[in-house]
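Sequences listed follow chains A and B, in order.
Per UniProt numbering, numbering through the first sequence is continuous, rising by one, with the last residue being 611.
Per UniProt numbering, numbering through the second sequence is continuous, rising by one, with the last residue being 675.
Just so you know, these hints were derived from the structure itself, not from any lab.
All C-beta atoms in this analysis are idealised placements derived from N, C-alpha and C, irrespective of residue type, glycine included.
Do not rely on the hints blindly, as some may be mistaken.
[Unchecked claim] Derived DMTMM-like pairs (lysine to aspartate or glutamate); straight-line CA-CA distance at most 25 Å:
#, chain 1, residue 1, chain 2, residue 2
1, B, K144, A, E464
2, A, K321, B, D143
3, A, K496, B, D143
[Claimed, not checked] Residues from chain A shown here face chain B by an in silico Cβ test under 8 Å; the list is partial:
#, residue
4, I481
5, D503
6, D537
7, T587
[Unchecked claim] Stretches of chain B that chain A covers, calculated by requiring three or more beta carbons in the stretch to come under 8 Å of a beta carbon on chain A:
#, region
8, 37-44
9, 152-161
10, 251-262
11, 475-486
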Amino acid sequence: MKFTCLSKGGGFHFPPCHMLNVSGFRILLECPLDLSSLAIFSPVPVGLEAHEPLDSESVARKKQKIEKTLDANDLVRAEPWYKTVKNLHLWDASFIDVVLISSPMGMLGLPFLTLSKDFSAKIYVTEATARIGQLMMEDLVSMHMELKQFYGPGDASFPQWMKWEDLEVLPSELKKIALGKYCEELGAWMPLYSAVDVKDCMKKVQTLKYAEEACYNGTLIIRPFSSGLEIGTCNWTISGPKRNKIWRMMILALIQLLILHQTLGGSVLVPIDRLGIVLCLLEEMSLLLESSSLKVPIYIISSVAEELLAFTNIIPEWLCKHRQEKLFSGEPLFAHVKLIKEGKIHLFPAVHSIELLTNWQEPCIVFCPHWSLRLGPVVHLLRYWCSDPNSLLILESGVDANLALLPFKPMEMKVLQCSFLSGISLQKVQPILKTLRPKLLLFPKELRCKIQISEANTIFRYSENETLRIPTSKESTEIDISTDLASRFRWKPLKKETITWLDGELVMDQGKHRLLSGFQPVDSKQQRPLLHWGSPDLKGLLTELSKMGITGTVKKVSDEAEPENAAGIIDIVGPEKALIDVRETGTVIIAANDNLASHIFKAIDIVLDGV
Amino acid sequence: MAIDCLVLGAGQEVGKSCVVVSINGKRIMFDCGMHMGYTDSRRYPDFSLISKTGDFDNALTCVIVTHFHLDHIGALPYFTEVCGYKGPIYMTYPTKALAPLMLEDYRKNMDRRGEGEQFTAEHIAECMKKVIPVDLKQTVQVDKDLQIRAYYAGHVIGAAMFYAKVGDAAMVYTGDYNMTPDRHLGAAQIDRLQLDLLITESTYATTIRDSRYGREREFLKAVHNCVAAGGKVLIPTFALGRAQELCILLEDYWERMNLKIPIYFSAGLTIQANMYYKMLINWTSQKIKETYATRNAFDFKNGTNLAEIMINGFHQFTYFLDPAIAKFLLLRIRNFDRSMINAPGPCVLFATPGMIVGGFSLEVFMQWAPSENNLVTLPGYCVAGTIGHKLMSGKPTKIDLDKDTQIDVRCQIHQLSFSPHTDAKGIMDLVKFLSPKHAILVHGEKPKMATLKERIQSELGIQCYCPANNETVTIPSTHYVKADASDTFIRSCLNPNFKFSTCSSVDKSYLDSNGSKAISRLSVSDDRVSEGILVVGKGKKAKVIHQDELLNTFGEKKHEIQFAYCFPMHMNRTENIPSASDLLCSLDRCTLISRLSTILSNELSEGNILDLGEQLQVESFRASVCLSDNCPHRLSGSFQNNSESVFFCCCWAVADEKLAWKIISIMKGSTLQTT
């Protein structure tokens with residue numbers, strides 16, 4: 001097995017990406033997009049600001065490369081491109097056999113892969129991830145549409161901002177995002193796929209149910225189990241004929257609930273796209289509001305919100321026990337169903353929808369995409385609220401707030417960055433390893449000093465873009481031989497063992513080698529090549545021959561000292577003349593009669609070891 | 001190893017499905033149903049046959065329930081709470097959600113019929129707590145050895161076929177299934193599995209149904225005729241499955257025909273049930289699923305008259321129906337209560353329970369049956385002992401309910417000819433598709449099952465059984481011998497290994513004219529496995545190695561056995577060339593070999609004859625001109641050298657023994673011509 005880390009990723013929204021080689025099959029784990037790099041682009045400009053040409057002074061200043069603090073004008077004003085995993089471009093897409101996607105976030109880059117001409121891999125995704133991932137991609141496309149309409153059709157193959165002169169003048173902070181540390185990441189940028197591409201991509205996806213076994217090529221058995229990170233996210237087990245391994249991404253999860261404590265004077269804007277957290281926040285928040293008897297409407301603005309929320313209510317398999325119990329007692333799985341019914345939560349597809357305009361009421365709480373603050377309804381709402389000191393923006397920690405908020409400065413709005421714990425904390429790693437007791441463990445190099453691991457027998461430390469060869473346990477392959485076939489074998493006893501030639505048909509089924517009684521050709525007169533070893537004992541041979549009524553004498557023994565085993569010639573006199581020339585490595589039967597010859601052969605076969 | 005299959009219920013009958021299968025040391029109970037036709041001890045399976053001491057926890061590995069119909073789950077609370085089974089129970093998510101409704105409904109009816117309670121509402125709740133829900137295709141490891149998996153079965157929402165595997169032995173228990181999609185559920189789906197045993201239902205063992213649409217029209221016409229004449233239509237149905245399907249069907253028709261006659265539901269019938277349907281959308285047919293995905297699921301909050309409908313519980317149902325049907329439900333379907341039974345005017349009423357086993361449907365039936373204007377529609381199958389069954393067998397004019405009550409039956413009876421069960425063709429298709437080594441039929445009627453059994457045995461060549469209740473069928477199970485294989489063997493099996501050989505065959509077309517003519521045919525074989533050798537040592541695991549590895553493994557040297565024979569062949573000389581004792585030049589030898597080759601190719605129908613100049617080769621047989629008088633392969637004294645003959649020294653391996661002797665006899669019988 002070989003293992004290559006293509007990208008370590010970055011947080012919840014950009015899961016790591018790996019390439020695995022198991023039993024000769026190339027398996028790609030995840031195909032994400034680095035959406036945090038959207039920060040270098042400017043959101044849709046408003047009013048005059050949009051048409052304001054770069055004045056000569058600022059151009060001159062840029063040319064002189066005078067470093068100053070970033071401002072909104074430094075951002076790239078162009079239709080955004082999207083940054084994929086750069087190292088994935090080093091691999092030939094046609095050589096990938098299997099793609100495993102374990103979360104909606106790990107799926108956002110998939111259409112780029114399925115678009116490439118020679119791509120033919122089988123893509124396995126759980127049903128829930130596929131549905132949510134598709135909605136997220138569609139949402140991305142529709143949010144991007146706004147920017148596309150603004151900038152109009154441009155040079156799709158090579159936009160202006162990617163030209164060297166323009167890149168040169170970017171402030172270093174943005175340049176680092178655009179080009180990477182060693183200017184090697186420019187190739188990772190791609191123009192966004194279209195809605196049609198998303199559809200085509202989804203057609204190529206093989207969806208799996210909870211813990212459904214999929215068998216790839218009869219060899220690999222692939223099974224998803226819930227990982228707890230998000231709805232529909234999973235860990236995979238991959239087992240091949242030789243080994244049985246659990247592939248566990250080190251991102252087991254804990255959704256920590258944030259209890260918002262906020263007396264509401266102004267509105268709250270929550271640009272968070274993590275479905276699980278949004279659902280929990282919705283429930284908790286409405287409880288809080290109810291107890292404080294505040295009548296504050298909650299709006300959810302997204303082109304896919306409705307479908308997404310409806311979908312979460314029909315997948316009990318992927319939820320925790322406590323929610324499953326709700327199914328069995330006939331309640332909706334999530335409280336949002338009730339809240340929507342009661343008119344406490346309102347869903348709108350876009351900021352400009354008429355329902356929103358007629359229903360709008362402030363103060364309010366708004367959930368909407370996108371967390372990068374460059375796309376979607378959040379851009380408009382931020383512009384609207386940014387100068388209101390009473391309102392509050394909630395950001396996830398991990399987002400570079402300074403850069404993210406650049407286009408909206410000066411900000412009067414309060415900003416709260418809170419961390420929604422996801423993935424496992426390092427302290428949790430040890431107990432998990434204790435229960436799993438893996439024989440082999442792969443661990444990122446950076447974490448070496450942070451944790452002591454003693455549970456695993458062998459530990460490999462990996463770093464980005466380095467292929468690790470992982471030794472397989474030395475057990476040999478197991479074969480199942482069907483009993484009806486085994487009973488037909490002609491066994492030959494030896495001194496210590498019994499042996500037989502094999503027969504039948506070897507098939508690979510469900511990751512197992514099976515030997516089944518195959519189709520036998522009618523005229524299978526073909527004899528097997530007989531294999532003998534050792535050297536015959538001449539006396540024993542004479543005895544066997546005499547049992548068959550064949551008489552003869554040892555005529556010539558080349559080694560007088562050891563007449564028992566050594567070579568010699570046996571002269572057959574009855575019933576007909578024949579010779580047996582016995583040597584160290586072979587015996588020649590010389591006879592003029594087929595019957596006699598075959599009898600002699602049988603006698604030799606008896607005294608020799610063979611099969 | 002063997003699989004023991006103890007049929008505790010639904011053996012040669014329909015009702016109280018329960019089969020206990022022992023498979024490689026594991027014991028699984030499939031279904032735990034009750035019989036609707038009995039009120040005494042016969043209504044439950046005879047659990048004492050599983051364990052005399054009543055220690056069911058040790059006697060059974062797990063219980064699997066296929067769907068929520070009472071004849072499949074009705075005895076479960078009794079088994080767990082009264083008999084005391086505490087082990088794992090598996091069913092699908094919808095079954096776990098809906099089964100308590102069915103059981104509770106049954107318990108209340110039992111009460112009303114005065115049968116005395118076999119289990120209480122608490123029993124049902126406690127029992128359901130023990131249930132572990134499974135998703136379709138989810139592979140569940142029950143314990144180290146037992147693996148189970150559910151497959152979609154159609155029939156009712158949540159119905160599943162179950163696959164169970166222990167070691168190398170595997171089986172499928174179908175429960176009830178439907179091989180054609182209906183209005184709201186899809187057709188059964190299963191993978192091609194390697195099975196030792198298939199246990200299948202056989203309700204319609206001999207019926208072959210034609211198109212569904214014709215049969216649906218029949219039903220709609222009967223209903224329409226009745227209401228058009230001012231009659232009342234009673235549709236006794238269980239809360240789940242059939243009610244939803246018929247509802248969709250009627251709506252379509254009402255819409256098309258622009259009918260205004262009200263359709264009622266008896267209270268409580270679908271309120272909860274439809275709610276579940278909404279959450280379990282993944283289990284309905286593809287079409288309904290798609291409608292759901294594209295439809296605005298929150299439409300209802302806009303309308304005002306919707307509030308009323310929501311109270312009736314139908315809003316939940318509208319979630320997954322297309323807008324037309326939702327509208328129909330909102331506009332036409334009303335709630336029904338007792339006071340409306342004798343209200344004038346035509347109507348259609350859905351009432352529980354099905355088969356008229358008691359409860360509200362019986363109450364309504366007693367009122368409506370005496371009028372010939374009215375119509376009762378019954379499902380395709382009613383369990384023996386129920387009023388539904390009595391109505392279907394012949395046309396009774398009176399039905400005795402009990403000692404004191406007698407019902408006059410003058411109303412029309414319509415039997416639905418479509419059913420959520422598969423027909424005979426569907427059963428045959430499934431058996432053929434799965435091709436198990438053995439099949440067992442349950443859940444059917446004895447004579448019809450016997451016919452189907454014959455068909456399965458004769459047409460598919462699969463051993464088939466239909467045991468009666470409390471009988472055990474034992475069948476052998478697959479067992480594999482485990483062996484370790486060497487890498488060389490596996491690698492050689494991965495590579496193509498073509499062998500070409502010519503073999504003779506008699507072409508029959510020549511038989512009449514020219515007599516038989518042997519023609520040679522090139523055959524290609526790719527037998528990779530036969531290069532493998534299985535070695536079994538005492539106390540060691542069997543090992544498969546490649547033939548090339550054998551000698552190395554034993555540390556031995558190969559000993560080759562060959563045959564050799566040097567003999568003279570007759571030669572006809574026309575020229576005066578040096579006698580054979582003189583040295584033949586190599587050119588002459590080549591000439592002789594090519595002559596010999598010509599002779600052989602005329603006479604020999606098999607083998608690949610190669611002329612290698614000074615040597616002739618047919619498979620492993622080699623012949624060359626021998627000039628040495630002391631050739632060790634000559635048997636002394638048997639031949640004399642003379643000018644009329646030339647010696648050929650031949651050798652061959654044992655594989656071509658027969659061929660070699662054939663060639664030698666041809667050579668001995670021919671004469672070489674030299675010019």
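Unmet hints by their number, sorted upward, for this structure: The structure conflicts with hints 1, 3, 6, 8, 9, 10, although it agrees with all the remaining ones.
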